[in-house]
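Engineer: Residues per chain are reported as follows:
2 protein chains.
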Amino acid sequence: MRKENDRIMLERVESQMRNYIDELSNRDISKLFEKLPHGKRLRAKLVLKIAGMNEEAVRLAAIIEMIHAASLLHDDVIDDAMMRRGVASLNATEGSKQAVMMGDILYSKGFEELTSFNPLIASRVASAVTQLSIGEMSDVWLSKKFHSDENAYMQMVYQKTAALIEATAAAAAMLAGKEEHIYALYGRNLGVAFQIVDDILDITQSSERLGKPSMHDFEEGKTTLPYIYLYELLDEEGRARLKTLHGKKLDYEAREWIRTMMVETGAVQKAFMYAKELGDEAVALMRGVGENSLADIAAAMIERDF
Amino acid sequence: MRKENDRIMLERVESQMRNYIDELSNRDISKLFEKLPHGKRLRAKLVLKIAGMNEEAVRLAAIIEMIHAASLLHDDVIDDAMMRRGVASLNATEGSKQAVMMGDILYSKGFEELTSFNPLIASRVASAVTQLSIGEMSDVWLSKKFHSDENAYMQMVYQKTAALIEATAAAAAMLAGKEEHIYALYGRNLGVAFQIVDDILDITQSSERLGKPSMHDFEEGKTTLPYIYLYELLDEEGRARLKTLHGKKLDYEAREWIRTMMVETGAVQKAFMYAKELGDEAVALMRGVGENSLADIAAAMIERDF
Chain A
0 MRKENDRIML ERVESQMRNY IDELSNRDIS KLFEKLPHGK RLRAKLVLKI AGMNEEAVRL
60 AAIIEMIHAA SLLHDDVIDD AMMRRGVASL NATEGSKQAV MMGDILYSKG FEELTSFNPL
120 IASRVASAVT QLSIGEMSDV WLSKKFHSDE NAYMQMVYQK TAALIEATAA AAAMLAGKEE
180 HIYALYGRNL GVAFQIVDDI LDITQSSERL GKPSMHDFEE GKTTLPYIYL YELLDEEGRA
240 RLKTLHGKKL DYEAREWIRT MMVETGAVQK AFMYAKELGD EAVALMRGVG ENSLADIAAA
300 MIERDF
Chain B
0 MRKENDRIML ERVESQMRNY IDELSNRDIS KLFEKLPHGK RLRAKLVLKI AGMNEEAVRL
60 AAIIEMIHAA SLLHDDVIDD AMMRRGVASL NATEGSKQAV MMGDILYSKG FEELTSFNPL
120 IASRVASAVT QLSIGEMSDV WLSKKFHSDE NAYMQMVYQK TAALIEATAA AAAMLAGKEE
180 HIYALYGRNL GVAFQIVDDI LDITQSSERL GKPSMHDFEE GKTTLPYIYL YELLDEEGRA
240 RLKTLHGKKL DYEAREWIRT MMVETGAVQK AFMYAKELGD EAVALMRGVG ENSLADIAAA
300 MIERDF
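Protein chains in written order, with numbering that gives the first Met the number 0: chain A, 0 to 305; chain B, 0 to 305.
Source of the hints: derived by calculation from the structure; they are not laboratory data. Predicted, not measured: the structure shown is a model, and the values here were computed from it. For glycine and all other residues, C-beta sits at the position ideal for the given N, C-alpha and C. There's no promise every hint is true.
Straight-line alpha carbon distances no greater than 35 Å define the calculated DSBU-like cross-link-like pairs of lysine-lysine that follow [unchecked claim]:
#1 Lys2(B) with Lys34(A)
#2 Lys247(B) with Lys275(B)
#3 Lys144(B) with Lys248(A)
#4 Lys275(B) with Lys2(B)
#5 Lys30(A) with Lys144(B)
Calculated Cβ distances over 10 Å to all of chain B for the following chain A residues [as the list claims (entries may be wrong)]:
#6 Ile28
#7 Glu207
#8 His215
Work out the full structure: start from the sequences and follow the hints.
Structural biologist: Shown next as structure tokens:
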């Protein structure tokens, strides 16, 4: 029954997004929009669960999902990603220029609609998007060479992934007159944990399961948290080998070695414990204010294997 | 003396922009920002002349120039432009991905700061950016094949170029408590006329003067207003020849033919008269409210040969 309600709520967000796009009165844009994958709509779910099912919440959820979709479009251009959630990316099917332009349209329409909200809410979301775009830049700079700087990595993850989820939860709380800082912290923890779990799944899951090549992060130069821990835990020889593999196409032997070492050294487990602690804190925060449904989202996110 | 004042006013805008960028606390971003060309800062001048020299006006001017710079960065990526105002574009020197990311950062920081203004002002500017991004998309779609659709072209020019100038003037008027609609119309006319003059200069000026290859618009598939008029004014044979030249690298003979026909048929003159009428209306609007300095900007813009 609750699942059914969730579905109906999210359908209203989808329809609000389509309305915003149709307001642009451009058939080419509407057609491109239809081609975008819907994803999990995590941010929309958070808004609706925190702010309740009302027109303003649906609008805010739609705006944030448009902004998120814009960031994914540009992310795929910047990462040369050909796949997104198991299907060819817009970047791959329509070309990177269309992806840049469609991203700009979704960003700007999102911002335009955001200005109809309380300026404190608008500012909270807008400032998270600045963090997101800085995070994107840091991600690229950090990928230029092998590094083992955990702090730099965690700051990038906060900016690129967690800041918008944090702002989503905070903005929804402001809309509902709830205590902003609790929800902000919940969102921040959820976002960072989400990214670390993603980083782990990139190593432990098969390409089929991921809907994109596995260990692709490391191949394209990204030294994610499990790799930073692996580097710390390896001996000199292992460290040297890991560094030579960085940023290159991995063969079967290299993949197997990384996978084995990730388990043997406990690097994956250590990264998972980091994510789990954040997740547990998020769960506890929400149980504390009787938000069981939000607590369940955090718990399920940690336990997911996909 | 007035020129000296203008220079001092614009320097405050430059310094406000640098402050906004430095607030991002990222050295790589600050360095990239320093590499961006400053341009004419037309939008900043409009804000300061309409809203006066005060802190809010300087902030608004800086925000709009950041948004404009972002749009140029993405425009260069989408057009594969290697030159911008006579120097290599960021797209050329740092690569298109850096240009996409830097554009996103300037857009998002601009929007973030915009939310500190009266929501009516924020909304006016934000909605123009949506128009701008739709205009960018229309420009690309219109360039896919030869067309002679004057209305489609004029709508694209309004969206891509004039909407932000219109919103700039309107937002500055709102800030100063002046009559919004007069300034909006002034900005709209100025913007459309500006683009048409640009389209003409692309045909009549040398590459050295333009700081980019001349007749590049037509080579990359853009059927601008002078070409639309030329098509209308040519005979069947001429039309067929024009169509075969569209969207290709032009040789010396083709360039000379286009240049000659543009003058002989009166196509360039007709486009210029269109721009001049809009410019004259903009001048008259400003003389009517005693804004001689703004009137002079419109007059000079029409007469420019660069």
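Engineer: Next, verify each hint and record whether it holds.
Structural biologist: Checked hints:
Distance hint between Lys2(B) and Lys34(A) is unfulfilled; the C-alpha atoms sit about 52 Å from each other, more than 35 Å. For the proposed pair Lys247(B) and Lys275(B), the alpha carbon gap of about 30 Å is at most 35 Å, so the pair holds. Between Lys144(B) and Lys248(A), the direct Cα distance comes to roughly 40 Å. Violation of the 35 Å bound is thereby established for this hinted pair. Between Lys275(B) and Lys2(B) the CA atoms are separated by roughly 25 Å; this keeps the pair inside 35 Å, and the hint holds.
Only pairs whose Cα atoms come within 35 Å are accepted, and Lys30(A) paired with Lys144(B) is accepted, the gap being roughly 20 Å. Against the 10 Å criterion, Ile28(A) falls within the reach of chain B, whose nearest CB is about 6 Å from its own CB. Glu207(A), annotated as away from the interface, keeps every beta carbon of chain B farther than 10 Å; the closest lies near 29 Å. Non-interface call for His215(A) relative to chain B: holds, since the shortest CB-CB distance, roughly 17 Å, exceeds 10 Å.
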